[in-house]
Amino acid sequence: MTPIVTFQDVSKWYGNVIGINKLTVDIGPGVTGLLGPNGAGKSTLLQLATGQLYPSQGAVRVLGQHVWNHADLNRRIGLCPEQDAFYEWMTGWDFVFTCARLTGLSRRAARSAAERTISSVGMEPHQNRAIGGYSKGMRQRIKMAQALVHDPEVLFLDEPLTGTDPLARRELMDIITRIGNEGKSVLVSSHVLYEVQALTSNIVLLNRGRLVAHGNVRQIRDLIDKHPHHIKIECDGFRQLAARMVGWDDVEGVRVIAKDRALMVETHDPDAFYGRLPSLSLEDGLAIKSVYSDDDNLEAVFKYLVEL
Amino acid sequence: MPTLFQFTNVSKTYGAVRALDDLTLAVPERAIGLLGPNGSGKTTMIRTLLGLIPVDCGTGEVLGLDFSRRQLEIRRKVGFAPEDECLFPHVQGVEFVAYAGELVGMSPIDALQRSHEVLDYVGLGEARYRKVESYSTGMKQRLKLASAIVHDPKLLVLDEPTNGMDPAGREEVLELAHDLAHNKGINLIFSSHILPDVEAVCDYVIVLGRGKLLAQGEISALKQIHEQAFDVRVKSNTGAFIERLSAQGCSAEPNGDLLRVRIPASASPQILWEAAAAAGDQIRHLRPQRSTLEEVFLNAVEKP
Amino acid sequence: MPIIDQGYQHWSGELSGQAWRWLAITRRGVKTALQGRWIRLAILVAWLPALVLAFVLCMWGLVERQSDLVETFKPFLTGLLGRPVVAGPREYRVEIWTLCFHYFLTWELGFIMILVLMAGPNLVSQDLRCNALPLYFSRPLRRIDYFAGKLGVIATLIGLIVIGPILVAYSLGLLFSLDITIVRDTLPILFGSITYGVIVAISAGLLMLAMSSLTRNSRYVALLWLGVWLITGTVSVVLIQVDQAQRSRAVGARYHRWDNEQFLSAELDAAKHDWRPLVSYTANLRRMEESLIHTNAAWQKLIELTPVGQRGRLMFNLVDTQYPWYWSAGVLIGLAVLSACVLNLTVKSLDRIK
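Protein chains in written order, with this note's numbering: chain A, 1 to 308; chain B, 309 to 612; chain C, 613 to 966.
A hint or two may mislead.
Claimed, not checked - Sample of chain B residues lacking proximity to chain C, with all beta carbon distances greater than 10 Å (derived):
| hint | residue |
| --- | --- |
| 1 | Gly366 |
| 2 | Thr367 |
| 3 | Gln379 |
| 4 | Glu393 |
| 5 | Ala408 |
| 6 | Asp428 |
| 7 | Arg438 |
| 8 | Ser455 |
| 9 | Asn491 |
| 10 | Glu535 |
| 11 | Arg568 |
| 12 | Arg595 |
Stated by the list, open to error - A partial selection of chain B residues facing chain A, derived with a Cβ cut-off under 10 Å:
| hint | residue |
| --- | --- |
| 13 | Leu333 |
| 14 | Val335 |
| 15 | Met473 |
| 16 | Ala476 |
| 17 | Ser576 |
| 18 | Leu594 |
As the list claims (entries may be wrong) - Pulled from the structure, derived: some chain A residues nowhere near chain B, Cβ distances all over 10 Å:
| hint | residue |
| --- | --- |
| 19 | Ser11 |
| 20 | Arg129 |
| 21 | Glu159 |
| 22 | His191 |
| 23 | Trp248 |
| 24 | Gly275 |
| 25 | Lys289 |
| 26 | Asp296 |
Simulated from the structure, these hints should not be mistaken for laboratory data. Note that the coordinates shown come from a computational prediction; the quantities given were computed from them, not determined experimentally. Just so it is clear, CB atoms sit at the ideal spot from N, CA and C, and this is done for glycine as well.
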């Protein structure tokens, strides 16, 4: 995997306040989620990556080149910022067209690019209205359009889905997934974990300016030793099943949830545990109706790693 | 079950836009989730409930009170936490909540005593003595919630309460909303775009679209269980597993990072365990397929 | 039970009637205003004319009683007011009290404008800026309660520096005269002054609220208020000067002297139909003051006491307030109605607010 965005020992201070602390991470093609509580340094990271800030220490490279003061590179980078600041009197079309022209496209190319992008975000019926009259979701979509209009190779999205209703959210998520599948690099920063989970399983987790975890969500989960996996198993003969499970070495706890006819099992070795299930289920009276871990997802990883 | 609010043939037009279109519905006293795309009339409906705007035609009641005639009484019994950030500036947290109570008609002493109680409940400890401008987003949201319940309303209306909050803050607000709705006997209307939040807090939803009612009902009833369809994830070697399943007469298709498997009518999930055992594989996720609230919503909205 | 539930408790207390809702807003507004260091200073300084008024009234009380304490001042008073006044003070009591209150109210008007400048702009524009209106109107609050509450803030502050001092000074003057007939003679002055205070409070309050509701930026409101106060005043004065210059050119330079009584009489006649003072906001207020406590009558009586050649100095005071009082009343009422319309348009309930 050729990294598209690289941070090498990057630190950034604002006076005495630390924004990013010795961050070394490579971000490759596809969609990557950027997560962290408030004040973790996500906005700083995005600003460093788009060349708006100069790192106090270390080097930031995008597409192999230093980003700072490199205007040409901006033609290949798209940014959808979090702030909601537009020229309110411009129409949606004007805005996207102007942004296209600003990236260096010729008039004709900019026109067709603007048309294409606006219809892809579903704003065609509203493109001739002033932005001042848009709802929050429409503004968000126009912001997305201006980030996509010049067909960038790297896309940075800061909270792209806030304020959008589920319909618009689905459309925008489809766009993001499609771009990721085309081999471009998309970095999505968001607080809404279930959205990030639907987009990608590759995450970068920050806390207090430092990198906490980087990689596939499930792999990270497996590595968190401190918290045993919680697995819920529904079975008619649940008490019998519980009696069997308590005898296993890797099982640390079994809780009976009588009203669901289910068990909540804690285990520190999920691999061994799951391995035993198929044969167990086929035994008499122990047919397992459902098994799932609500612990094996992004929310759990976030909660366990970012213990405040 | 007593009705929380009901509308009968209510219409409201803003210029060329028909915000509410002959809307008729009756909603029981529960924790209600209010869903709908942008421009569906959710905000207009909330404002009509509070008696803040007059309707062009139609009648309706909130908590048994006519919303075109007894608006002030309604607002005494309803607490509203609006979506946008709003403050009475340059006051301490506890003054903010006390002022909110005084505006409803509480005496200053009652309001102050009650505001401390309510701030304890939402979990703003020492921070209540600091000015509201210095609060984080999560704290401001909880403060807004506190100011909405200071006068002990019978109905609490929350408009996008978790917008833009980080996961920790969101969890706190949702926990409070759930507790108020289910354990403390306050009716709740929860309007949000973030469907998992609605699911976590409410048990009844109404879906609006273009000013009309598209769907309503208990969440558990709307999310149908498909008897013979399951979501499955295996550890590795998906191909071999699928082959085995097809051999048994099941169909499988990818669904995100899970497999959606349909088993024949007479079979039970054991068929999947057999296939896994035979393939030497582990099943790490097995659940009957249930539509998510998102599917319910999209189905309701995209119906022709 | 030994362990008490710390969670949410229900509350069943009494809610006050709708009529008192504005009081909560006024209370909060006054408290916020008084937190400002400069406003507290302004109020303190605004009481200085009140102290002077009280002092003068007490002095007059002593003069009336022909007390020994004021013997040393008698020559000075004789020179200022004329022998008849000092010789028989009781007859001129009403006039002197009227003029004392007149000077006090004139000074105080300046302080009122300053105080409204400091406390006023934030009243509605801050609520607009911080988007607090949904919080107000989602409670059982009508717009009239909101406006009454905000108006009450200005009225309270103005009351603090006008009505309070008037009452205190009146009582002190009464005490120092030790003569109950004063009440019979000067009660109209008291009521007139208090009515004037109320008129100023309502007029300035509505105007400031209307300006404050026009924009989110309090600084523009402050500038607008300064404009209304100072610029209209200046414009009015300029217009009057131009008019006077034209008149005196027509008549001849000989008469253009402020102690020439013929000239002054001509000026007074012309002033009876002069609309130019109406341009200045504060001049309108002053005109109302005159009509409420009848300063012109007081001046007139004093003028009759002075010998003919020396009346100019006193007649000069009459020039500003010759035109009919109902013209000013009309202007003030018109401004109040305009302010109310502006408020009605700008602060709507949540119907149009996003």
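So, going through the hints one by one against the coordinates:
1. Gly366: Its Cβ never comes within 10 Å of chain C, the nearest being 17 Å, so this holds.
2. Thr367: 19 Å, holds
3. Gln379: Non-interface label fails for Gln379 of chain B: nearest chain C Cβ at 8 Å, not farther than 10 Å.
4. Glu393: 6 Å, violated
5. Ala408: Since the minimum Cβ distance to chain C is about 7 Å, Ala408 of chain B lies within 10 Å and the statement is violated.
6. Asp428: 7 Å, violated
7. Arg438: 16 Å, holds
8. Ser455: 7 Å, violated
9. Asn491: 8 Å, violated
10. Glu535: Given a closest Cβ separation of 41 Å, the condition holds.
11. Arg568: 42 Å, holds
12. Arg595: 34 Å, holds
13. Leu333: 20 Å, violated
14. Val335: At 21 Å from the nearest chain A Cβ, Val335 of chain B fails the 10 Å test, so the hint is violated.
15. Met473: 7 Å, holds
16. Ala476: Where the cut-off is 10 Å and the nearest Cβ of chain A is about 6 Å from Ala476 of chain B, the hint holds.
17. Ser576: 7 Å, holds
18. Leu594: 5 Å, holds
19. Ser11: Correct as stated: the minimum Cβ-Cβ distance to chain B is 23 Å, above 10 Å.
20. Arg129: 13 Å, holds
21. Glu159: 7 Å, violated
22. His191: 5 Å, violated
23. Trp248: Consistent with the label, Trp248 of chain A stays out of reach of chain B, its closest Cβ about 15 Å off (over 10 Å).
24. Gly275: Non-interface label fails for Gly275 of chain A: nearest chain B Cβ at 6 Å, not farther than 10 Å.
25. Lys289: Lys289 of chain A is in fact no farther than 10 Å from some Cβ atom of chain B, at 6 Å.
26. Asp296: 8 Å, violated
Of the hints listed earlier, those the structure fails to meet are numbers 3, 4, 5, 6, 8, 9, 13, 14, 21, 22, 24, 25, 26, in rising order.
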